[in-house]
Amino acid sequence: MTETTVSEINETRASLYWWFATLLTKELDKEQLAMYFCGEGVTLLDQLEQEPDFTASVQKIKSALTTILAMNKPELELAADFSQIFLTDTKAGAPPYASVYLSKSGQLFEQPHQDMIDLFKAQGLTVDPEFNEPADHIAVQLDYLGNLIIQDVNGVSEAQINFIEVHILSWLEQFVKAADKVNNSGFYQGVCQLLQAYIKQDIVAIMPD
Amino acid sequence: MMKLIKRFWQIVSKPSVHLSFGLLTMGGFLAGIIFWGGFNTALEATNTEEFCIGCHEMSDNVYVELQETVHWQNRSGVRATCPDCHVPHNWTDKIARKMQASKEVWSAVFGNIDTREKFLAKRGELAQHEWDRFTANNSLECKNCHNYNSMDFSIMSERAQVQMKMAAERDQSCIDCHKGIAHNLPDNMDSGEGTLAKLEALATSGYDKGQSYYSVRQLPLFTDKTLTTEAGQLNAATKVTVLTVEGDAVQVEIDAWRKTKGFGRVMFEDFAMNINDGFLTKEVAQSDDYMEKGESKVDDLTGLPWQKVSVKLWMRNSSLTESRDTLWTFAKTTYDSSCSVCHTQPAENHFDTNTWPGMFNGMLSFVNLDGDTQALVLKYLQKHSSDFSDEAH
Amino acid sequence: MSISRRSFLKGLMATSTAALVGPGLIQAANAAASDTAGQWKVTGSHWGAFRARVYAGKVQEIKAFEADKYPTDMLKGIKGIIYSPSRIRYPMVRYDWYLNREKSDTTQRGDNRFIRVTWDEAITLFHDELERMQTQYGPWAIHAGSTGWRSTGQVHSCGNHMARAIGMHGYTVNKVGDYSTGAGQTIMPYVLGTTEVYAQGTSWPLILKNSKTIVLWGTDLAKNLQVGWNCETHESFEYLEQLKEKIARKEIRVISVDPVKSKTQNYLNSEQQYINPQTDVPFMLAIAHTLYKENLYDKKFIDTYALGFEDFVPYLLGTTKDKIEKTPEWAEQICGIKADDIREFARMLVKERTQIMVGWSIQRQQHGEQPYWMAAVLATMLGQIGLPGGGISYAHHYSSVGVSSTGAAGPGAFPRNPDKPEKRIHKNKDYKGYSSTIPVARWVDAILQPGKKIQANGATITLPDLKMMVFSGCNPWHHHQDRNNMKKAFHKLETVVTVDFTWTATCRFSDIVLPACTQWERNDLDLYGSYSGRGIIAMHKLVDPLFQSKTDFEIFTLLARKLGQEKDYTQGKSEMQWVKELYDGCVEANKASFPMPDFETFWKEGFVDFGKGKDWTRQAAFREDPEINSLGTPSGFIEIFSRKIDRYGYKECQGHPMWFEKTERSHGGPGSDKHPIWLQSCHPNKRLHSQMCDSEQFRATYAVKGREPIYLNPQDAKSRGIKDGDIVRVFNDRGQLLAGAVVSDNYPAGVARIEEGAWYGPVDEKIGSLDTYGDPNTLTLDLATSELSQATSANTCQVQYEKFVGKAPAVTAFGGPKEIS
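Protein chains in written order, with our numbering: chain A, 1 to 209; chain B, 1001 to 1393; chain C, 2001 to 2821.
Extracted from the complex, chain A is given alone in its bound form (with noise of 0.2 Å):
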């Protein structure tokens, strides 16, 4: 670690974040999939199955893209399972929105959704019309939190740990459990976890003592 600055390290976490918002964005494209298979996604599962918390969450991943290695068509396969979960309705799948788990009504564009609205507005910022989707979406979220970490570059800023814990952790367990009760290849499951277990220790990391 000597060699590791505080900053490096920053950087990796919001590039992690960052890609975990990529991965609930959108479906991934052929090529995108094809890094998992031989290519820089082998190599980033790889370093973190070894991470202990990370191992179960991984190896489901790993056996889920194994899984659709062997189907005609696995980027489309991965594609469906992407829908069911997240873009179809909250029937049997998981609605990436803070406000379906945290509100009275369950429904979408509640109250969580205003305050990220009003994070942003405070700030000068605004989800990116193409994307169109609610500002308590998921991927929003990590977005911004990897925007909060490189804010802060070489330290800790309470707003980051402030909003991990009430914007992030506030609903992430409910949404990964429900993602868990869809039955399909295990691919997002596998990352909706892997979210949850690297949050939780993130969180730690960066406490204060």
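One or more hints might be untrue.
As the list claims (entries may be wrong) - Under 10 Å between C-beta atoms, here's a sample of chain A residues computed to sit facing chain C:
#, residue
1, T22
2, T25
3, E40
4, L44
5, D81
6, T88
7, D89
8, A92
9, P95
10, V100
11, H113
12, D118
13, F120
14, T126
15, D128
16, N184
Since the hints were derived computationally from the structure, they do not count as laboratory data. In this text, a Cβ means the ideal position worked out from N, Cα and C, and glycines have one as well.
Fit chains B and C to the supplied structure of chain A, relying on the hints for placement.
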């Protein structure tokens, strides 16, 4: 504390023309609510023309317009003044009316119709308010002078006769048809008859003896060439053959069938087909002077006896066209565009001729077609129904 | 704050994660508006007109339009529709269909495995399928005609958009009739000369003034008047309130002929004449028998205004084939009303001015034509048709019928028909001997038995071999009967396309699902007051379309663009230009009678009010002059006997109204030994059909343990060990469902109610699987009323129920991640 109260009084008692006008009127209402008798007296006092034109909004706008109309100057020498039409003659209604007027009074107080432009901009709303009231009381004030029972229909024009008789039968509210009789109409409203003009535009002119034509709309029929005695009405898109042309009038022959249950007043295009060609008055229908009777047979599907007739009557030398094609094009366009508001729109040939009248009546609730257009569209649908369509359906 | 994912990644290119991370989702905002409270906008809906406060791009609160003095509770459910987690967020394609197209495993339909596609790809797939159908088969293979209660607004009228765009491509199979009034609207033109079910009725003030007795025959005004076909403003409720007062003062008697104590009865505090379900005709026949035998009927009226009475009387007297005299004693055995009470009822009807109001429920059953016809015969015998406060009506529970019409013109609609039919791409009109129009409720039969010939309204229909269904704003997986039969049918379809804003069961069983936005995410206008034509309401877009949803106008414009006819489709006009055009057309149509402000003023004000209409009496013109103002029947008169129908030679709808035993019936009727309970599936009290069922919070106000309520008779429940709040399994040979028990005195023994429109949520896509939420059409019978209408018979349905024991499966209809136990 004392200081504050004193200042309050100063403000309230400050003289102002507008304010005192408003306070006077509103104050009168309040007093009236508390003391019935006092209110009544106050009301009588305001029930005069002077009161009405006391504000320039009235005197400069509606009052001058009234002076241009028959209600101001006419042969009989009777003049209608503001309260004759606008304040109900019945005591309880009067109170209700006064309460409603408060809105206009407020307008005067706050000056939002104090120029001609502002008045014109608001005229629609004010007029609607009055029309609503006339509609609600069935034009009570009009009928104080113009009573259906004392009308002499015989001196009216032919079209007026038909309309007025119909109105009289239903004791229709006068304002339904006579908006703008005493004051100008709101700007965005004119009394033009849109569809009627469109239909009339389809008519050709100069009709030849022995030729057949079709009526572009519903038209009055007469027994004589002077067009004085009403004989009935020709329906839209009905075939007539011109027998004689005499100035403003043409004598036409209508070949039709009629049901002989009842008076046999309604003419149909063909045997056992409820395609309406028009109707006759009871006198004409029962007389042998205007028709030749042909074969009689019973329609098996209803059990009703039908009779072929050839009717000879007079009508105005206008509103006929040589071919039904242009009428059908107009009707089809109307059907396609006006009748797609609801669930679905049945194809013309989905129903048979005699089913269409019932179905069409049921479709009219949300489409707004005037009587002439309705009659035309219905006939179009019937003439393109499954009885006339070769297309498998 | 500055956003760094992109620039940061550039520096990280060397590390392993860099390639795996995509572009960021957040960007700098434009100068933010300083709006802190939001803006009030006006709009409308079937549930009512309302104003909404929109702040930060979200609908924050909703309040009823001020002119609506009796707003429905359902306004509380509006936000839940817009922000429902069941919203369709992207164009989706069923996965196996995406892989294998028409060769896909269709038994997987309903398994919820979809894939997201771009709009471009979705429209291409949609178009390619239409193209394949037209070239490989023909117009007979595509059914794009089914419609439902589309959202309100005349520009985005979704059925019109579908018909226009698909019509520009080629011909398709169409439907006639609807699921609400199929039998009524077919029989009544033969009898009274119009559909009656969609006709304006005598104005309430005249009824309140003149009627001494009002008979509510299977109709629940207070429940059904909450919603309207256009933007509803609930003017009728003022009259119901007055009626309630008159009942209290004993000035009017109101009697509900109904097995159930209705919401209206409870509200009005009025009387009930209990009757066994589905036995209205025997009761009516016995009334007619009494009137005839006791010489209480109006012979003069019949002579002047009706035909065929003499052909009907022999049936009444039992001198025709069945040899049964329709005496009160005979009827008592069937309808459960004492013979003497029947006689008393008959005498009461003729005593004073009597208005009969018939609901739609009694024609949504097997032989549904008969009670409608027979009620008209009764009204004819009473001789009060055409008198104010007398006679009969079939629609006083619907869309402000009975509130007098202003006569003002409403706005037109976006054109349903292509402007240039000659430019239609596929001109093939060869239906290969199949019928191009089918009765609405027979499409499932068509899929299952193509080529079968059926009789319908005097014609022979050859059911087409449907391969592709297109639905827009239409949820047949709610309104059609017998889910398991539908599953079988859907196994046979090659392609199903659905346009909707929410994941209805129809979407789940579709192959291509296109997300429309809700009606509150677009600009439009509508008539308000429905039949009263009270005014025009502006429908301001409250928020932009959520997610990737689009307006119906945009969706079908995209399809037209694929056909190379975008401009012909839109006529080169934008959404707002269409709104203005329809408004201006309305101004033009009204210019002689109702002045209207210019468009800008209207749009700013939000509405134009036409005032109150004039009171009117139904059939008064006919009564006054039956010759000139003849009815639309074949003869022009009331037809007690219809020679036309008689000539059709049908078994289950003959020349005059008759009693036919039902396939299944409670209270000792067929099938009641095995399935003793009659299941009534009437229109819901807290929804518009299936609309608003997805509104989570509002649904929670009536659901029982997360399930649709089943209303039960206390003794029936007790004998099965069921308490209020229990989960109940309801079943018959056609299907099974779970529902939540509500035990209530309103329901007599042998009767249960599950309101239609409850979303279908089977445990899985397999045939026979348990419905977890409580859609009554899991149990109903898919049987035609008769050869005349071929309409739905949803109210002919026998079931059994029991207390559900064990762990109930989670509700899958909408779900939500919360466990329901």
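Going down the list of hints, with the structure as the test:
1. T22: OK, holds: T22 of chain A within 10 Å of chain C, min 4 Å.
2. T25: holds (6 Å)
3. E40: holds (5 Å)
4. L44: Status holds, d = 5 Å.
5. D81: Constraint on D81 of chain A satisfied, holds at 9 Å.
6. T88: Holds: closest Cβ of chain C sits about 6 Å from T88 of chain A, inside 10 Å.
7. D89: holds (4 Å)
8. A92: Because about 5 Å separates A92 of chain A from the closest Cβ in chain C, which is inside the 10 Å limit, the hint holds.
9. P95: At about 6 Å, which falls below the 10 Å cut-off, the nearest Cβ of chain C leaves the hint on P95 of chain A intact, so it holds.
10. V100: Since the shortest Cβ distance to chain C is 5 Å, the answer is holds.
11. H113: holds (8 Å)
12. D118: holds (8 Å)
13. F120: This interface hint holds because 7 Å falls under the 10 Å limit.
14. T126: Check passed: Cβ of T126 of chain A comes within 4 Å of chain C, closer than 10 Å.
15. D128: holds (5 Å)
16. N184: holds (8 Å)
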